[in-house]
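For the protein sequence lines, the chains are C and U, in the order given.
The opening position of the first sequence corresponds to residue 1 in the working numbering, with each subsequent residue numbered one higher.
The opening position of the second sequence corresponds to residue 1 in the working numbering, with each subsequent residue numbered one higher.
To be clear, the hints were calculated from the coordinates, so they are not data collected in a lab.
One or more hints might be untrue.
Calculated pairs, SDA-like style, for lysine to any residue (alpha carbon to alpha carbon, straight line, at most 20 Å) [claimed, not checked]:
| hint | chain 1 | residue 1 | chain 2 | residue 2 |
| --- | --- | --- | --- | --- |
| 1 | U | K106 | C | L233 |
| 2 | C | K59 | U | E49 |
| 3 | U | K132 | U | V119 |
| 4 | U | K34 | C | R31 |
| 5 | U | K106 | C | D174 |
| 6 | C | K223 | C | A164 |
| 7 | U | K106 | C | K59 |
| 8 | C | K223 | C | S162 |
| 9 | C | K59 | U | K198 |
| 10 | U | K34 | C | R32 |
| 11 | C | K59 | U | T52 |
| 12 | C | K59 | U | D87 |
| 13 | U | K132 | U | P62 |
| 14 | U | K132 | U | A162 |
| 15 | C | K59 | U | K34 |
| 16 | U | K198 | C | G28 |
| 17 | U | K198 | C | R31 |
| 18 | U | K198 | U | K142 |
| 19 | C | K59 | U | A84 |
| 20 | C | K59 | U | R93 |
| 21 | U | K198 | C | E33 |
| 22 | C | K59 | C | L209 |
| 23 | U | K106 | C | E33 |
| 24 | U | K106 | C | R175 |
| 25 | U | K106 | C | A210 |
| 26 | C | K59 | U | K141 |
| 27 | U | K198 | C | R101 |
| 28 | U | K198 | C | S26 |
| 29 | U | K106 | C | P39 |
| 30 | U | K106 | C | P132 |
| 31 | U | K106 | C | S26 |
| 32 | U | K141 | U | T115 |
| 33 | C | K59 | U | R98 |
| 34 | U | K106 | C | G130 |
| 35 | U | K142 | U | F163 |
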Amino acid sequence: MKLRSMIAALLVLSFTPTVLYAMEQSVGWHRREDTTALPITVFHSTQSANLPTAQTIFKGEWQFEISHRFQPPFSAGSDALWGLDGPIYNRLGLSYGVTDRVMMSVLRSNLEDNLELGAKWRFREGHLKGLPYQLAVMGGLASNTSVGPSYGPGYRNREAQSYAQFILDALLADRLALGVVTSYLNNAQIADTRTLNEVTVGLNAQLYLARMFSVFTEWNASKSYEGLRHDALTFGLEIETGGHFFKLMASNSERPNPTQFLGGTPIAFTPHQWRFGFNLTRILRF
Amino acid sequence: MQLKRMNSAALVLILLLRLTPALAREYDVNLQAKRDVRFRSTTDVNEFEGVTDHIDGYVLLPDTAPPLGEDAKDSELHFEVELASLDTGIGLRNRHMRDNYLQVEKYPYAVFSGTVAHVESASGDTLQVTAKGEMQIHGKKKQMSIPCTVSPEDSGYRVHGAFTVLLSDFDISIPKIMFLQLDNEIHLEVDFAVEPIKD
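This is chain U alone, in the form it adopts within the complex (with noise of 0.2 Å):
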């Protein structure tokens, strides 16, 4: 008698062991649709704006939803930007860009991983999303949050995010002569669409 209580928990035990874990789904940035990476400096005296589509990776997403307000536990994310293929519109200016400052042959991607941080309603089916992790551009790593808008398209979902960075976080030197016409706080905005693998 007691060594059938004994297995009837152990059955109970094994269920729950079996349901405890959540799992997770995988959404790939959709290469197809359209991707945005856009870098803006301001001086006083000149204004620049520098674009790339080369924006790829991945965000593990658990099953279920974390309630509104809360952290999604379990969740990961990673995105990288391909360096190189920045375009300011001046090729000597991307030249100076990939050369001197972002030294694109030795550091050839900026990197962000970390976790889906917190979640709230925005408007309508709109989520406003926390992504917190770590920065890594030109060698330094730097922990960040970033904040997105995330809305549903086709199957998955587009991502929208602002943000700011300094160079000097990140070691990038900018000559005196040249403080003229680059600044030191660079205004990021991603915009691109993930979708979930096909099982």
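Extracted from the complex, chain C is given alone in its bound form (with noise of 0.2 Å):
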């Protein structure tokens, strides 16, 4: 009896280790870390064709761009090139993210010679009833160097120009990324003898339809001026990779820079007027 106890006590504490043996392998391990938040993106790069998105290159990037506008229109025909030949207008612009949300511009434009130094901060994003948005300011100040005495009396004092923009952005159903641009542009007509100022109010949309292809438009409402007697519309395929973009566009603008921009155009929205243009940037760190 005594033995049967022995051998019952020693085949429970035979299966005591085997337990404890279990709990030891049972992993203690478990994820400890949160995930990592995606940042919040409406249209992907910072500018449409001429309007600004609330998009920011981020801290550390840099931003080159060219972009060209061409004059003659495709109604040129073969001649000239559908107006591939030429003349154009040129932009060059140099863009650093100085934080993840400011980001500062150097903008040169052939046309009048338009240097601009400008900034935007996009200073809030979220979801509004499951809504991606991205809200956005952005500024300038531009000179107009090649502005001469053929501007008429008192040129000296129409060369400068500036503005003011707030950007709101928001996404649908992934694809169609929609937004509005309010613009406060000072000497909108620098060929006017009297300061003009205006607002102006932008819209654009982009449908994202592949991972690298999409579509855009925008239009700029503007006050009619002698000069500028018409709003800007434009429309076009944008190519992603990486680190650039490929805009190809057809516009009745050709005036490159913001403060030349906003101002409206002197030609007219009608096909045989549209002109071909192009804006390629590339995002480097060095």
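Since each chain sits alone in its own frame, please combine them into the complex, following the hints.
Shown next, in the form of structure tokens:
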């Protein structure tokens, strides 16, 4: 009886380490870090054709831009290579990401030798009833250094321009980005002897069709002045890679820099007046 | 007498059973120590690197080290890299990588699970270890062997591994226009420390 009790006790004991062993083999590890929050993106690039988006480049990044607006329209035909023979208005740009939300830019257009210093601050983003949105403000100072006596009396006082913008972008159904850009433009028409200030409203939309391809359009409603009678309308195709944006477009505006584009265009938006243009941007980090 | 002999045999068997299982010790990734997962893509026109420190996981090792040159039976390992945290230095490229190639919202982790398959002495107290197991990226699995060096650090070990993966093995398609910028063969390096969990 004693022996049987001992054996029973040992049998019970013999299971104890097995249980302990099993406990020791169970893994105590579990995920200990929060997952990384994905940044909200509405428009992928920092500008549509000419209107800005609320997107910025990130801290330490550089963005180079070269953009052309061909002056002859497509309707000039094969003799002018459908406008590609030029001449062109050219814009060169260099931007730097001061923080993840603030970028500064230097832009130079050969139209009136417009040199601009600008800055954009993306100050808020989030979801409103499930809709991703971004808000930004932007502003710039420009000098038209080729303005001369042909611009009439007091031309020296009219070579400077400035603007301020409020940008609201939202994304629908993960594919359709919509933007509203309200702008205040100081000295909208430097050829006018008066200083003309105005508020313009721009609308832009971009439909992301595939990983790399999208189509876009933009319209900026502005006051009608002598020499700048029409609103600027543009539509085009965008190709993006991990560091580039290629935008190919048709437009009735050939005025590249913000203070030039916002004031309007002398060209009507009729198909025989459409001009070809492109923007090429490259983002780099050194 | 016969009963006594039987009882003695049972006692020996029970004691043997008690001693048979080799106890294993769990080592978790030390989140306070330096951690690094780095990938590099090299093509004729472009080379870039992505980096994250979001690697976590564990390894179960037998208390008794296996003889050198032999397999570490009863070992188990599991490591995860959180892919949304990978930074290539350019925000636009990060978004392309997250959304277009890795699809991190659907497949947030790269996971390697397996065993310590082979242990050899390298130099000094450093060991050359081969981990064998299953790599899971982008929802696809592939059996892989990963060579690592393991050296003592504090109460645990520092692990350094370098290996190559093919994006095509994990069904990550690269648009033809991107072939100039992104190679199918991606070089990976991992460096992290593990420490024994506190009892």
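Consistency of the hints with the structure:
{"no.": "1", "hint": "U:K106 to C:L233", "verdict": "39 Å, violated"}
{"no.": "2", "hint": "C:K59 to U:E49", "verdict": "17 Å, holds"}
{"no.": "3", "hint": "U:K132 to U:V119", "verdict": "12 Å, holds"}
{"no.": "4", "hint": "U:K34 to C:R31", "verdict": "18 Å, holds"}
{"no.": "5", "hint": "U:K106 to C:D174", "verdict": "15 Å, holds"}
{"no.": "6", "hint": "C:K223 to C:A164", "verdict": "16 Å, holds"}
{"no.": "7", "hint": "U:K106 to C:K59", "verdict": "28 Å, violated"}
{"no.": "8", "hint": "C:K223 to C:S162", "verdict": "16 Å, holds"}
{"no.": "9", "hint": "C:K59 to U:K198", "verdict": "40 Å, violated"}
{"no.": "10", "hint": "U:K34 to C:R32", "verdict": "16 Å, holds"}
{"no.": "11", "hint": "C:K59 to U:T52", "verdict": "17 Å, holds"}
{"no.": "12", "hint": "C:K59 to U:D87", "verdict": "13 Å, holds"}
{"no.": "13", "hint": "U:K132 to U:P62", "verdict": "17 Å, holds"}
{"no.": "14", "hint": "U:K132 to U:A162", "verdict": "14 Å, holds"}
{"no.": "15", "hint": "C:K59 to U:K34", "verdict": "24 Å, violated"}
{"no.": "16", "hint": "U:K198 to C:G28", "verdict": "10 Å, holds"}
{"no.": "17", "hint": "U:K198 to C:R31", "verdict": "16 Å, holds"}
{"no.": "18", "hint": "U:K198 to U:K142", "verdict": "33 Å, violated"}
{"no.": "19", "hint": "C:K59 to U:A84", "verdict": "18 Å, holds"}
{"no.": "20", "hint": "C:K59 to U:R93", "verdict": "14 Å, holds"}
{"no.": "21", "hint": "U:K198 to C:E33", "verdict": "19 Å, holds"}
{"no.": "22", "hint": "C:K59 to C:L209", "verdict": "29 Å, violated"}
{"no.": "23", "hint": "U:K106 to C:E33", "verdict": "18 Å, holds"}
{"no.": "24", "hint": "U:K106 to C:R175", "verdict": "18 Å, holds"}
{"no.": "25", "hint": "U:K106 to C:A210", "verdict": "18 Å, holds"}
{"no.": "26", "hint": "C:K59 to U:K141", "verdict": "36 Å, violated"}
{"no.": "27", "hint": "U:K198 to C:R101", "verdict": "42 Å, violated"}
{"no.": "28", "hint": "U:K198 to C:S26", "verdict": "14 Å, holds"}
{"no.": "29", "hint": "U:K106 to C:P39", "verdict": "16 Å, holds"}
{"no.": "30", "hint": "U:K106 to C:P132", "verdict": "19 Å, holds"}
{"no.": "31", "hint": "U:K106 to C:S26", "verdict": "28 Å, violated"}
{"no.": "32", "hint": "U:K141 to U:T115", "verdict": "16 Å, holds"}
{"no.": "33", "hint": "C:K59 to U:R98", "verdict": "19 Å, holds"}
{"no.": "34", "hint": "U:K106 to C:G130", "verdict": "19 Å, holds"}
{"no.": "35", "hint": "U:K142 to U:F163", "verdict": "14 Å, holds"}
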